[in-house]
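One line per chain: the protein sequences are A, B and C, in this order. Under the working numbering, the first residue of the first sequence carries the number 1, and numbering increases by one thereafter. Under the working numbering, the first residue of the second sequence carries the number 1, and numbering increases by one thereafter. Under the working numbering, the first residue of the third sequence carries the number 1, and numbering increases by one thereafter.
Honestly, the hints are just simulated from the structure, not real lab data. Ideal Cβ positions, reconstructed from N, Cα and C, are used throughout, including at glycine. There's no promise every hint is true.
[Said to hold, decoys possible] Below, computed lysine to any residue pairings styled on SDA-like, alpha-carbon distance capped at 25 Å:
1. B:17 with C:90
2. A:211 with A:337
3. B:295 with B:283
4. C:20 with B:89
5. A:103 with C:112
6. B:295 with C:112
7. C:67 with C:42
8. B:139 with C:42
[To be verified] Computed far set for chain A versus chain C, every beta-carbon distance over 10 Å:
9. 17
10. 79
11. 86
12. 90
13. 103
14. 146
[As the list claims (entries may be wrong)] Here are some, though not all, of the chain B residues that point toward chain C, as calculated from beta-carbon distances under 7 Å:
15. 19
16. 159
17. 238
18. 256
For reference, the chains in residue letters:
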Amino acid sequence: MSSISLRNVKKSYGNEVVIENLNLEIRDGSFTVLVGPSGCGKSTTLRMITGLETLSGGDIFIDDTRVNDVPPGKRDISMVFQNYALYPTMSVRENIEFGLTNKKIPKEERQRRISDVCEIVGLTEYLDRKPANLSGGQRQRVALARAMVKQPKVFMMDEPLSNLDAKLRTQMRVELINMHKRMGTTFVYVTHDQVEAMSMADDIVLMNQGKIVQQSGPKELYHNPNCIYTAQFVGSPQTNILDGQLPEKMKLGFRPEKVRLHPVEAGINIPASIQTKEMLGSEIIYSLQTPYGVVMCKSEEDMEDAVKVTMGVEFSSMYLFGADTVRLPFDDKARAAVSAVFGGPSK
Amino acid sequence: MRGTTALSKTERQERLKGYLLAAPAVVLLFIFTVYPLCYLIYRSLFGGNLITKDPKFVGLENYTSLLESKDFHQVLSNTLIYTAVTVVLTMVLAVVIAAWLNSKKNRRLNELVQTCIFTPHIISMVSVSTLFLWLMDSKNGLLNILLNALGFESFPFLASPDTALFSVALVTIWKGLGYYVLLIMAALQNIPTSVYEAAEMDDTPALKTFFKITLPMISPTILFTSVVATIASFKVFDSISVMTGGGPLNSTNTLVYYIYEYAFRYGKPGQACAAGVILLVFVCVITYVQFQVSKTRVHYQ
Amino acid sequence: MKERNKTLDAGLRGLDCVGKLLLILIMAFPFFWMISTAFKTLAETLAFPPTMLPESLQWVNFTDVFKTISVGVYLRNSIIVCVFVVILQYFIIVPAAYSLSKYEFRAKPAFFALVMLGQMIPMQITFLPVYFMFSKMGMMDTYSALILPFISNPFGIFLLRQYFMQVPGEVIEAARLDNASDIKIMFKIMMPMAKSALITLGLLSFISNWNNYFWPLIMTSQEARRTLPIGIALLKDADNLQRWNLIMAGNLLLVLPMLGLYIVASKKIRNAFVYSGIK
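Using the sequences and the hints given, assemble the complete structure.
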């Protein structure tokens, strides 16, 4: 039982307001990822939950207990830092044990927990080494072990994979998912990397400029963005937005992977010329010049040397946004308006 | 509302801890730096001797009598000449020796030179002074025996008012040189080799490399060490006290030794304090100059 | 052409070598002379031409030194002062540096300015007022007068603060999350990480206090509290005969501990002074 809830939380440094009014519920046992560009307030939010950062207003509850005045060490939280923050003068064992001795856990219990955790993360042979004599991946494991051994209510991670190379990062992602499944503890994870967020989370909190833009599962976030910001944050290349053609400053969005390089039945068809072609292997990314601007397309189809194509997008894969960039329902009226502007289905 | 009061409580606690940890050091620094400075200036405005209970306020009289005193003029000029000789010779020698030891020739020997040259720096000035008293002894001193053996006339060293101050400076240079060589070598080793490689690609002659690349790159260190050496020279006391006692004929009497003598030998603390204030002004001026110059020169780092 | 370059190179190398050996001679010979003189008879010190090595080792010179001045008392005082300064300073410096590097409070800039002022003002300026203060309080000729002024070592505070500031904030935060108290963080995290600076400071203050002549000269007038450097200076004055063999023997007692320390840890000591010089 360890849900977290933030109510009307404010944070400012002097006159600079970082977070104005944040309300967030983190479900018990969930793997929640706070994601957003740097400076969006995600790390500050995480640090306020840990207690390393004081609140300028509002309340934080862990399991319905208000923790505003509880010091970080007493909140029953573990954290993995971006640069691991291992104690450089202590051996691996001492690093892992430090928190347990502070909690006055008896010696046999400590030994048992340490050997259990080291078994899991594979550190048993390195217990007597100093952090300086470990590789990046091993340091990461020490940081994880140090966090796990406390058996906390909540497990916090602040960009823990960003110092690893690409191969190790993919491997650690899988391990973290397994770890979460096994421990069943609430995980709160901060990253700026949407791929990390999508692949690991069962709940994503997308933040921008100190506000929560959308909170939902990864599938929902991808298929059902509630505004242009979300639509463009998730997915690569970015969601195409056609702006300036529709009435009432409405904007039309569709993902590059939904763009067809041939006419479609229930959708719009636009003449286009291929500008560039990026071979990714299984897929090709085209940049298409259309009368309405450049459109990106991700497709398995290889157009060889063709230049002129007809680009098609089905109605079912379109997002309509209002002038304020908020998502609008794609009803019959919208369909008619889009058909009128971009040319209807091909005959 | 509840949140804000609780928060200011933890923040207040943090602040209190900061003060508490600093407190012992602050108290000691106050007793041994701030209070003495204030008292020095205050006491310099009073007459009396070491045992007087209520010394008389005399205003700036101590200062005027100092500035009118021929002895004090000589003390000031002694101090400045001693400082100039020590600092200039030390810095020139230190830069030359550091550059020399930094070259790639005879590396193992370089290590030994460095070890030897630094040794006097950690030896008490009392020892070094007595040692040189012996070496410079006019009858049986080794230095004169050596000079005679090489066909030179005997040098009076500490015995003559013309050479005593220079001899004291010589001892200081001998003792301190290794320290400055060490600091300048550290600066030399911080110059990235790529700069020298670039100079080599440009076919720069060695001397030009030294004056156009090496010297400018270590100039902040030279400046800094010069200031350290200057202030150390202002403070000179031990060697004077052990080797010459200010003589012969007042020729090696410098500021700190003068203050000491006026306070404890002639029992004129007011005048001694006034001289102390003058020393304080010297130190402040040099520190200020260093501050200003280093501000305009930080573009290296 | 190549051959000539080779001989020129060899010549330069030789010249370089000779120059460096000369430099070593200039720096080391006085010490050799001190040791050699310390073991000579008085007659031998006055002999012309001088002998490089003593004819026989006059250990009696050292016992004579002990007869002339109270070496035992001076030695004891020197050791007491050095040991207390070195140990007590940590109790002042470490918390002060910790406060300056990791806490926020309004008077912090003023405190830092005080530390800088303390570094800038030499004791040769402040000694008279401190003398007046100590004599008013009856603290002349006490160990306190020789120890207290040195334990708030402002340079030490400054150096240690630099070290503490390099400790990443995250490491301290991790410790706070591990429920470690401030005291525990200071002892278990900060101090081990600044170990080399702490050793450096210990070495530097041991050396400077061992060699200090000025301060004990001002603050002591009784045999019972005088330190070794004063003793050696007295030895020189006490002896109108200018028995240089005796004076050098006494001198050796003052020099040998430092020389020994330097031989054992020459690199470490030099590095300590580089730290102190470059800041």
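Hints, one by one, checked against the model:
| no. | hint | verdict |
| --- | --- | --- |
| 1 | B:17 with C:90 | holds, 18 Å |
| 2 | A:211 with A:337 | violated, 33 Å |
| 3 | B:295 with B:283 | holds, 18 Å |
| 4 | C:20 with B:89 | holds, 19 Å |
| 5 | A:103 with C:112 | violated, 36 Å |
| 6 | B:295 with C:112 | holds, 19 Å |
| 7 | C:67 with C:42 | holds, 16 Å |
| 8 | B:139 with C:42 | holds, 14 Å |
| 9 | 17 | holds, 20 Å |
| 10 | 79 | violated, 5 Å |
| 11 | 86 | violated, 7 Å |
| 12 | 90 | violated, 8 Å |
| 13 | 103 | violated, 6 Å |
| 14 | 146 | violated, 8 Å |
| 15 | 19 | holds, 6 Å |
| 16 | 159 | violated, 14 Å |
| 17 | 238 | holds, 5 Å |
| 18 | 256 | holds, 5 Å |
In terms of the numbered hints stated before, the structure departs from hints 2, 5, 10, 11, 12, 13, 14 and 16, listed from lowest to highest.
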